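Could you build the full structure based on these sequences and the hints that come with them?
Protein chains in written order, with our numbering: chain G, 1 to 284; chain H, 1 to 267.
Treat the hints with care, since some could be wrong.
[Said to hold, decoys possible] So the derived list for chain H, only partly shown, Cβ under 10 Å to chain G, looks like this:
1. 106
2. 167
3. 239
[Said to hold, decoys possible] Here are a few chain G residues that face chain H, going by a calculated C-beta distance under 10 Å:
4. 40
5. 64
6. 117
7. 121
8. 123
9. 126
10. 144
11. 177
12. 231
13. 233
14. 249
15. 254
16. 258
Since the hints were derived computationally from the structure, they do not count as laboratory data. Being a predicted model, the structure only gives us computed values, none of them experimental. Beta carbons: idealized from backbone N, C-alpha and C, even for Gly.
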Amino acid sequence: MTVTVSSSGSAAQSDIERQLVRDRGKEDRRGRIVGSLLAVAPFVMVVVIWWAIYTIFDPVPTKLVAPSKVVDAFFELIREGTLPAYITQSLGRLSIGVIIAIGVGVPLGWLLGLDKDVASSVEPMLRFFNAISGIAWLPLAIAWFGFTDRTITAVIIYTMIFPVIFNTMIGVRTVPTVLRDASRSLGSGWFRVIKDVYIPGSFPSVMTGLRLGIGFGWRALIAGEFIVGGGGLGFLIFNSRTAGLTERVMLGMIVLGAVWLLIDRLILRPIEEFTAARWGMVRL
Amino acid sequence: MTAIPMPVLRTSPWSKVKKYALPIIPFFLLIGVWVSVIAIADPAIGILPRPLKVLQVPFQEDEYWPNVTASLGRLFIGFLVAAVTGVLAGIVAGLSRKFADFIGPLVTAMNAISGIAWIPLAIAWFGIGRGMVVFIVWNGAFFLIFANTVLGVRMVPEVLDRSLQTLGASRLHILRNVTFPGALPHVMSGLRSGLGFGWRAVIAAELVGATSGLGQWIFIAQEFARADIIVAGALTIGVIGLIMDRGLLAPLERRTIERWGLVESSA
Chain G
1 MTVTVSSSGS AAQSDIERQL VRDRGKEDRR GRIVGSLLAV APFVMVVVIW
51 WAIYTIFDPV PTKLVAPSKV VDAFFELIRE GTLPAYITQS LGRLSIGVII
101 AIGVGVPLGW LLGLDKDVAS SVEPMLRFFN AISGIAWLPL AIAWFGFTDR
151 TITAVIIYTM IFPVIFNTMI GVRTVPTVLR DASRSLGSGW FRVIKDVYIP
201 GSFPSVMTGL RLGIGFGWRA LIAGEFIVGG GGLGFLIFNS RTAGLTERVM
251 LGMIVLGAVW LLIDRLILRP IEEFTAARWG MVRL
Chain H
1 MTAIPMPVLR TSPWSKVKKY ALPIIPFFLL IGVWVSVIAI ADPAIGILPR
51 PLKVLQVPFQ EDEYWPNVTA SLGRLFIGFL VAAVTGVLAG IVAGLSRKFA
101 DFIGPLVTAM NAISGIAWIP LAIAWFGIGR GMVVFIVWNG AFFLIFANTV
151 LGVRMVPEVL DRSLQTLGAS RLHILRNVTF PGALPHVMSG LRSGLGFGWR
201 AVIAAELVGA TSGLGQWIFI AQEFARADII VAGALTIGVI GLIMDRGLLA
251 PLERRTIERW GLVESSA
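Given below as structure tokens:
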């Protein structure tokens, strides 16, 4: 009997709990709705100010257009298919740069992190070139590769590779020596230590460098597309200005920011958090 | 109490040589490769200049120094305006939690639309020239400085604020003696990254929208196949960036953190 009582008791309890959970869910949902409304609010404010300035000063269309014109331009470019094409073009260029920068930068960073002499030898030169922004090399890249995609790729790689190298190096260096010693005393050889201790231990830092690098690379890409042209979001903004289509300029800027936020929040941050949770260092 | 004998650190002469020699090797290697490429392939000056030619640019080109000062002047004005507006707006926004939360998403979005993306619109607004470059510098640096200042103000422990309030201090007094010094380390790191960002923005803006300045100069040099000017310009950009960051702002930041940073003192 006690079993039934307790079970019915727990049933009643779970009913209450379920109700509570439901209530909390409702509250969460309400909180989330309020939260997202609050997140939208400052943008509404900007649009209102923008519209007010537009109505009061009545500027020439090459300087400022009504927000509604930008929305029209959005649908127009979607219908034309230009906007999706430009977005894929920009993302494609970025991806090529990212792949090459990882392929070269990460192994180099590991090497620098593992060998002190190599690091103290190469680091000053890397820091020096890091101080010269990739954009400053754009004229030379044009002289070498002409107005082609290769110029843009070269500038993206140059911009991205330094943060990737430095952060990978720091990641290897900050792996606690206790872990290395433990692995060594358990009889693993150097290859094993590098493979199982240093490389996984550096992952969180590698991701941080990658996120930083892709952010810089994204900006370099835009500058490259301004000057080199040949499609892409940067080209859309720059060329529309030359054509006097301010609504397309502003639309391009908004899309640029939105695409970046999506890349950052939906891809880069989750990966960074995952690596930090999986391989992140427990402080020893 | 017997003193624990300290191990004597012996520095061999070899390690001293290593310390200074190692960093130079890659630079020599680079110049070696550069010189050999020129000796073997003999490329046109528009593709690869001779190292000596690059070194001569600051002394032989009359346009070198005016362009350097033009770029630095634009950076200075834009950065000054960004520093003043960014810190002031940041303190005001940081004081009110509600306001800071309110505009948070907007600041994130504005940081996502990088300074460079504003160049075409800035050309439409200000025309080609100084105003537009200054605007781009301001735009790039402002949001960084603003976001860091807000963070700094918010990080000041409320206890300090409250304790002064109970002692009867006025709002202004607290602002001057608690909030501002407490936020200073973050403000400084915001200023530092803002200046670095601003310098890159100057070059990018001049590349497409100016009639003078280092960025414009190296861009035009490409059309006239003068790679010696391009390389000299790029190296100058790097050296100026390093001097500003390592020589000026990094020490300033370190001292601010030492003086006002909330680091636990090892007493």
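The hints, checked one at a time:
no.: 1; hint: 106; result: holds, 4 Å
no.: 2; hint: 167; result: violated, 36 Å
no.: 3; hint: 239; result: holds, 8 Å
no.: 4; hint: 40; result: holds, 8 Å
no.: 5; hint: 64; result: holds, 8 Å
no.: 6; hint: 117; result: holds, 6 Å
no.: 7; hint: 121; result: holds, 4 Å
no.: 8; hint: 123; result: holds, 7 Å
no.: 9; hint: 126; result: holds, 8 Å
no.: 10; hint: 144; result: holds, 7 Å
no.: 11; hint: 177; result: violated, 18 Å
no.: 12; hint: 231; result: violated, 16 Å
no.: 13; hint: 233; result: holds, 8 Å
no.: 14; hint: 249; result: holds, 5 Å
no.: 15; hint: 254; result: holds, 7 Å
no.: 16; hint: 258; result: holds, 8 Å
In summary, the numbered hints that this structure violates are 2, 11, 12.
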